[in-house]
Amino acid sequence: MEKNTSCFFSNSSPNLVITCFVAFITIILVRFLYVIYRTGKPLNKRTPQQTLSTLIVLGSGGHTAEMINLLLVLQKDRFTPRFYIAAATDNMSLQKARVFENSLVDSGAKGISAEFMQIYRSREVGQSYVTSVWTTLVATAHALWLMIKIRPQVILCNGPGTCIPLCVIAFIFKVVGIRWSSIFYVESIARVKRLSLSGLLLYKLQIADQFFVQWPQLQRKYPRARYVGCLM
Amino acid sequence: MGEARDGVKVKRVVFVTVGTTCFDALVKVADCQEVKDELYRRGYTDLLIQMGRGSYLPAKSTGDDGSLAVDYFTFSLSIADHLRSASLVISHAGSGSIFETLQLGKPLIVVVNEDLMDNHQSELAEELAERKHLYCSRPLTLHQTIASMDLNSLVPYTPGDATPVAKLINRFLGFPEES
Numbered sequence: 001m002e003k004n005t006s007c008f009f010s011n012s013s014p015n016l017v018i019t020c021f022v023a024f025i026t027i028i029l030v031r032f033l034y035v036i037y038r039t040g041k042p043l044n045k046r047t048p049q050q051t052l053s054t055l056i057v058l059g060s061g062g063h064t065a066e067m068i069n070l071l072l073v074l075q076k077d078r079f080t081p082r083f084y085i086a087a088a089t090d091n092m093s094l095q096k097a098r099v100f101e102n103s104l105v106d107s108g109a110k111g112i113s114a115e116f117m118q119i120y121r122s123r124e125v126g127q128s129y130v131t132s133v134w135t136t137l138v139a140t141a142h143a144l145w146l147m148i149k150i151r152p153q154v155i156l157c158n159g160p161g162t163c164i165p166l167c168v169i170a171f172i173f174k175v176v177g178i179r180w181s182s183i184f185y186v187e188s189i190a191r192v193k194r195l196s197l198s199g200l201l202l203y204k205l206q207i208a209d210q211f212f213v214q215w216p217q218l219q220r221k222y223p224r225a226r227y228v229g230c231l232m
Numbered sequence: 001m002g003e004a005r006d007g008v009k010v011k012r013v014v015f016v017t018v019g020t021t022c023f024d025a026l027v028k029v030a031d032c033q034e035v036k037d038e039l040y041r042r043g044y045t046d047l048l049i050q051m052g053r054g055s056y057l058p059a060k061s062t063g064d065d066g067s068l069a070v071d072y073f074t075f076s077l078s079i080a081d082h083l084r085s086a087s088l089v090i091s092h093a094g095s096g097s098i099f100e101t102l103q104l105g106k107p108l109i110v111v112v113n114e115d116l117m118d119n120h121q122s123e124l125a126e127e128l129a130e131r132k133h134l135y136c137s138r139p140l141t142l143h144q145t146i147a148s149m150d151l152n153s154l155v156p157y158t159p160g161d162a163t164p165v166a167k168l169i170n171r172f173l174g175f176p177e178e179s
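Protein sequences appear in the order of chains A and B.
Just so it is clear: in the first sequence, position 65 is 65 by my numbering, and no numbers are missing.
Just so it is clear: in the second sequence, position 153 is 153 by my numbering, and no numbers are missing.
Source of the hints: derived by calculation from the structure; they are not laboratory data.
Treat the hints with caution; some may be incorrect.
[Said to hold, decoys possible] Ranges of calculated distance between the beta carbons of each label pair, as one might list FRET restraints:
1) B:164 <-> A:48: 43 to 53 Å
2) B:81 <-> A:105: 19 to 29 Å
3) B:76 <-> A:41: 44 to 54 Å
4) A:106 <-> B:148: 39 to 49 Å
5) A:217 <-> B:81: 29 to 39 Å
6) A:12 <-> B:176: 23 to 33 Å
7) A:177 <-> B:71: 58 to 68 Å
8) A:92 <-> B:114: 48 to 58 Å
9) A:43 <-> B:57: 31 to 41 Å
[Claimed, not checked] As a list, the in silico DSBU-like pairs of lysine-lysine whose alpha-carbon atoms are at most 35 Å apart:
10) B:60 <-> A:96
11) A:204 <-> A:149
12) B:106 <-> A:221
[As the list claims (entries may be wrong)] Sample of chain A residues with no beta-carbon within 12 Å of chain B, all distances over it, derived:
13) 19
14) 30
15) 31
16) 34
17) 43
18) 44
19) 73
20) 99
21) 135
22) 168
23) 173
24) 175
25) 204
26) 205
27) 229
28) 230
We put the beta carbon where it would ideally sit given N, CA and C, even for glycine.
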């Protein structure tokens with residue numbers, strides 16, 4: 001009996017492995033095409049009481065100020081719990097976010113449903129591209145770790161490089177079925193004629209569900225973007 | 001020029017800001033005699049420089065000898081108070097500084113940092129200058145801009161609005177429209 005069983009396995013196990021492998025690749029491919037197809041399509045209607053966990057990517061310079069400007073007009077009880085991520089070397093952004101969240105409590109919110117996290121930067125300004133390969137890998141691993149913890153349903157970002165690993169991982173999560181997220185990208189108001197590198201990547205790869213620009217020149221150049229006027 | 005009835009000089013402060021950057025070229029030129037003389041000639045009494053991560057230290061001055069009083073600091077969590085009490089703001093081309101100043105309705109000269117690689121900041125400054133919301137300058141031409149500027153010709157900036165984006169986001173996520 002045993003001899004037969006071992007014969008069975010040794011004859012068909014390469015076939016079995018190959019079949020499983022092909023099936024796996026096919027499933028991933030189908031899933032990938034489905035995600036591409038669904039990206040950018042509005043979600044089904046929901047009740048106003050439903051909440052969506054939200055990841056907010058902050059960045060040094062004007063990015064955080066612009067993001068907070070947007071958060072002021074979003075319904076805080078819908079976009080909750082909120083997770084703020086800023087680069088590890090960015091000292092002011094998380095502080096500004098904390099001040100913002102505290103001001104919500106002061107004006108009557110029930111409690112803070114926000115977390116503040118730092119992420120390793122893929123590349124510092126002026127860093128050599130050679131060492132950047134390693135730091136980008138470290139940053140991506142860190143991003144994966146954070147995304148697994150957060151698994152957000154909504155991602156808001158407006159340009160800093162930190163958003164790229166996070167958005168790519170969000171896309172992979174969609175393909176693999178870990179979490180479906182809606183990615184909203186608002187190109188910075190400082191970008192009048194050319195997109196930032198982050199914007200260009202997300203636009204070309206069609207990873208963002210909605211891609212907003214603040215100046216008409218950009219909308220003419222990038223027709224899939226939505227012109228929303230200046231936010232500041 | 002700037003003297004009230006009871007002899008107390010009315011302060012007209014020029015606030016220079018480089019945000020969180022290092023922009024020694026602006027700090028240096030703001031501290032140079034040509035620019036300080038031009039500012040004094042145009043009726044300003046004080047020069048306050050927020051120098052950020054730069055290494056050039058301006059020379060402090062009390063301004064008692066009929067010249068500009070000069071002071072500086074590196075950072076503060078919010079420059080809003082300094083902007084509010086300024087009569088003229090000279091800023092690097094960062095969007096945060098620019099819009100914070102414009103929203104307070106203060107006259108603004110934006111100085112573009114030519115040492116930055118891939119200077120996308122100049123796009124914003126030039127666009128807003130074209131729309132006459134501010135003056136745009138380079139470090140070497142700052143004193144000419146100050147000499148020739150007509151602040152009354154600046155068009156007030158109407159603050160932007162993030163609600164269209166919020167509406168689109170809510171609609172996409174399937175939330176019902178608010179009435």
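Here is how each hint holds up against the structure:
1. B:164 <-> A:48: 43 to 53 Å: With Cβ atoms ~19 Å apart, the hint is violated.
2. B:81 <-> A:105: 19 to 29 Å: Once the Cβ atoms are compared, 24 Å apart, the range 19 to 29 Å for residue 105 of chain A and residue 81 of chain B holds.
3. B:76 <-> A:41: 44 to 54 Å: About 46 Å separates the Cβ atoms of residue 76 of chain B and residue 41 of chain A, which means 44 to 54 Å holds.
4. A:106 <-> B:148: 39 to 49 Å: holds (46 Å)
5. A:217 <-> B:81: 29 to 39 Å: holds (35 Å)
6. A:12 <-> B:176: 23 to 33 Å: Distance hint for residue 12 of chain A, residue 176 of chain B is violated at roughly 56 Å.
7. A:177 <-> B:71: 58 to 68 Å: holds (60 Å)
8. A:92 <-> B:114: 48 to 58 Å: About 25 Å separates the Cβ atoms of residue 92 of chain A and residue 114 of chain B, which means 48 to 58 Å is violated.
9. A:43 <-> B:57: 31 to 41 Å: Since the Cβ atoms of residue 43 of chain A and residue 57 of chain B sit about 55 Å apart, the hinted range of 31 to 41 Å is violated.
10. B:60 <-> A:96: With a Cα-Cα distance of about 31 Å, the restraint between residue 60 of chain B and residue 96 of chain A holds, given a limit of 35 Å.
11. A:204 <-> A:149: Judged against 35 Å, a Cα distance of about 28 Å means the pair holds.
12. B:106 <-> A:221: Holds, at roughly 33 Å.
13. 19: Residue 19 of chain A is indeed farther than 12 Å from all Cβ atoms of chain B, at 40 Å.
14. 30: At about 25 Å from chain B, residue 30 of chain A clears the 12 Å cut-off, so the statement holds.
15. 31: holds (22 Å)
16. 34: holds (18 Å)
17. 43: violated (4 Å)
18. 44: Non-interface label fails for residue 44 of chain A: nearest chain B Cβ at 5 Å, not farther than 12 Å.
19. 73: Nearest chain B Cβ is 4 Å from residue 73 of chain A, so the label is violated.
20. 99: Nearest chain B Cβ is 9 Å from residue 99 of chain A, so the label is violated.
21. 135: Answer for residue 135 of chain A: holds, closest chain B Cβ roughly 19 Å.
22. 168: holds (21 Å)
23. 173: Given a closest Cβ separation of 17 Å, the condition holds.
24. 175: For residue 175 of chain A, whose nearest Cβ neighbour in chain B is about 20 Å away, the distance exceeds 12 Å, so it holds.
25. 204: holds (18 Å)
26. 205: holds (19 Å)
27. 229: Given a closest Cβ separation of 6 Å, the condition is violated.
28. 230: violated (4 Å)
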